[in-house]
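J.: Residue strings, one per chain:
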Amino acid sequence: MKRREFVQLAVVNTAWLAASSLRAGAFSGWTSLTPVTVHAELGQFFPPLKLVRRLHQSVDSSAPLLLVNQYQAKSGVAGHSPEIVDIAVRLPDISRQESHGNLSREVRELVVAKAKDILEKELGYRAAQTTVAAGPAFWYPYSGKASGNAVFCRLTITRGSTDQSI
Amino acid sequence: MRKLTKQNLEDIIIGCSYFGAGGGGSFNEGLRRMYEDLDAGLTFSLMSPDEMKDNEYAAATYGVGTTAPPTPEEVKRYADLPRIKEESTAAAFRALERYMGKKFVATIAGEIGPGNTLAAMSVAAHLGIPQLDGDTVGRATPEIDQNTVLAAGYTITPAAGATKYGDEMILAKIARTSREEDFFRAASMVSMGIGVADTAISGKMAKTPGVIVQGSISNAERIGKAYRTAVETHADPIRAVMEAGKGYWLFEGTIADFQWKDKGGYLFGDLEIAGTGKYQGSRYKIAYQNENIIAWRDGKVSVTPPDLIVPVVAATAKAIANPDFVKGEAVIVLGFPAPAPWRTPGGLKLFGPEHFGYDTPYIPIEERFAAASK
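In order, the protein sequences belong to chains P and H. Quick note, in our numbering, the first sequence goes up one by one and the last residue is 224. Quick note, in our numbering, the second sequence goes up one by one and the last residue is 703.
Extracted from the complex, chain P is given alone in its bound form (with noise of 0.2 Å):
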């Protein structure tokens, strides 16, 4: 192995290992979360692809579904870079009667406490403070059934935050 490839894997553990830290601390309590400011988009009409393919797959699931991108986002803290994470939340008992284009303050209020939620478990972040992006949040068309309804929301997530409830 080249030392080049070593080096590559042995980051990739490294963050594999911290990772699994992260969760385990987080559902555990051995290690306190870390408290960020998240920026959410709720209803995002074209999300990733690689998402919406998970979500096909995995209807009949309960297991939750997030991308943490690559990508710096265009704003942040000084001193920060933003990460950007999206999230497919499962709505699988949501109305009919719900709109497609302009989900309700109740179903955004939803989508918000889910996401949160999974960055929790999954991330091991507390949103510290949240800003949600006003405009309307839409419901994604293409789920199929009923398991698979879905609101996909884009979180620009900044450590760093100060301790301040929303």
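The set of hints was computed from the structure by calculation and includes no laboratory data. Fair warning: this is a prediction, and the values are worked out from it, not measured in the lab. Please note that a few of the clues may not be correct.
Said to hold, decoys possible - Taking lysine-lysine and the DSBU-like style, the derived pairs with C-alpha atoms no more than 30 Å apart in a straight line are: (1) H:Lys656 <-> P:Lys172; (2) P:Lys108 <-> H:Lys614; (3) H:Lys536 <-> H:Lys382; (4) H:Lys332 <-> H:Lys502; (5) P:Lys179 <-> H:Lys656; (6) H:Lys656 <-> H:Lys629; (7) H:Lys656 <-> P:Lys108; (8) P:Lys172 <-> H:Lys335; (9) P:Lys108 <-> H:Lys607; (10) H:Lys335 <-> P:Lys108; (11) H:Lys554 <-> P:Lys108; (12) H:Lys502 <-> H:Lys607; (13) H:Lys502 <-> H:Lys382; (14) H:Lys575 <-> P:Lys108; (15) H:Lys629 <-> H:Lys614; (16) H:Lys335 <-> H:Lys502; (17) P:Lys174 <-> H:Lys656; (18) H:Lys590 <-> H:Lys656; (19) H:Lys590 <-> H:Lys678.
What the hints assert, rightly or not - Quick list of the computed label-pair ranges, beta carbon to beta carbon: (20) H:Lys592 <-> P:Ala192: 23 to 31 Å; (21) P:Arg217 <-> H:Glu415: 40 to 48 Å; (22) P:Ala191 <-> H:Asp368: 19 to 27 Å; (23) P:Ser162 <-> H:Pro398: 52 to 60 Å; (24) P:Glu164 <-> H:Gly495: 33 to 41 Å; (25) P:Ser162 <-> H:Glu415: 20 to 28 Å; (26) P:Ala192 <-> H:Gly675: 50 to 58 Å.
Beta carbons are placed, not taken as given, at the ideal position from N, Cα and C, and that holds for glycine.
Given the coordinates of chain P, work out where chain H should sit on it, guided by the hints.
T.: For chain H alone, coordinates are given in the frame of chain P:
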């Protein structure tokens, strides 16, 4: 005449987003408007130009204004003005009907773009009339002058303008074609956008080849359906859109840099993409004036107007609206040939590189692509 379902409309707006070429109005606003209209029980329908009687009239309706977000100063400046209940585009459409003393049988989209085409369709739905399956550009365009009716030698006045605050104006006659743009652009700058109705054409004109881009709405629907079908079958939607639109895969890379400024009612700027994969080491640059106008690869012209330059987010297949860029995001640049009326000498005079101040000849995208691929 065909009644459109929710899925037909979703396909249409998705297709329109690619023909928006970076502009064409807000996708989210178009979609929001469409869902609200559907929730309100309104009906959308599409009428072929062949279904119009020769002496019946249809007119275009669209919004004029920058796509840049309003500044806090602008928001404050207009905060205490009254607001009308209907959209400014609908108000302009009614004002033109009153002025001409004619009841229009359909709306014509002023361009193909996700916000503005849906705005015209929404006006039609509110008025209880169909949308004509055709428009006056066949894509989105920055200036009012880029109108096939003008290119065919007809006038687009009289025209009506209306703001969301209740102002209405009629442009009965203009000294030169570009004056309509000047007047409405000026009104838009003191109103954060304006609704316009113009291009009142008869059924006889609508059926004459080249006067409008016939079938452009159903063409957008076909592109959107290609996207949807690919997503549903886990195929590649970007390639599906490209193939359905007989387009070209121009470049792949990540967003390296961008800049924009709001000037004279337009959004001006450029976007730079650093090549990845087989394009590694290469740079692609796109200049825009609301819509993407011209592109260069490593300093050499890649696409000239009126052909379409459409950067798409690689991860989502979403057409990127200017200036909604994210540094480092992976993108693919597609190109599409312009509708035939724009490739004529009359069309190029209004929509060619020279019109936008670029000293380079128009060479069709298929020829440029073939030459670059050798």
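J.: H:Lys332 and H:Lys502: Cα distance at most 30 Å?
T.: 36 Å, violated
J.: Compare the distance between the alpha carbons of H:Lys590 and H:Lys678 with 30 Å, and conclude whether the hinted pair is satisfied.
T.: 26 Å, holds
J.: Run the distance test for H:Lys575 versus P:Lys108: straight-line Cα separation, threshold 30 Å.
T.: 25 Å, holds
J.: Within 33 to 41 Å: is that where the Cβ-Cβ distance between P:Glu164 and H:Gly495 falls?
T.: 34 Å, holds
J.: Taking only the CA atoms, is the gap from P:Lys172 to H:Lys335 under or equal to 30 Å?
T.: Cα-Cα ~28 Å, so holds.
J.: For the pair P:Ala192 and H:Gly675, does the Cβ-Cβ distance stay inside 50 to 58 Å?
T.: 44 Å, violated
J.: Next pair to validate is P:Lys108 with H:Lys607; report whether the Cα-Cα distance is within 30 Å.
T.: Given that 30 Å is the threshold and the Cα spacing comes to 22 Å, the pair holds.
J.: Quick check: does the Cβ-Cβ distance between P:Ser162 and H:Pro398 fall within 52 to 60 Å?
T.: About 26 Å separates the Cβ atoms of P:Ser162 and H:Pro398, which means 52 to 60 Å is violated.
J.: Under the criterion that the straight-line Cα-Cα distance not exceed 30 Å, is the pair H:Lys502, H:Lys382 satisfied?
T.: 27 Å, holds
J.: Is P:Lys108 close enough to H:Lys614, meaning Cα to Cα at most 30 Å?
T.: 28 Å, holds
J.: Are H:Lys536 and H:Lys382 close enough, with their CA atoms no more than 30 Å apart?
T.: Answer holds: H:Lys536 to H:Lys382 is near 10 Å, not above 30 Å.
J.: Can you confirm whether the C-alpha distance between H:Lys656 and H:Lys629 stays at or below 30 Å?
T.: Holds: H:Lys656 and H:Lys629 sit about 23 Å apart, inside 30 Å.
Going down the numbered hints, you'll see the structure goes against 4, 12, 16, 23 and 26, while the others check out.
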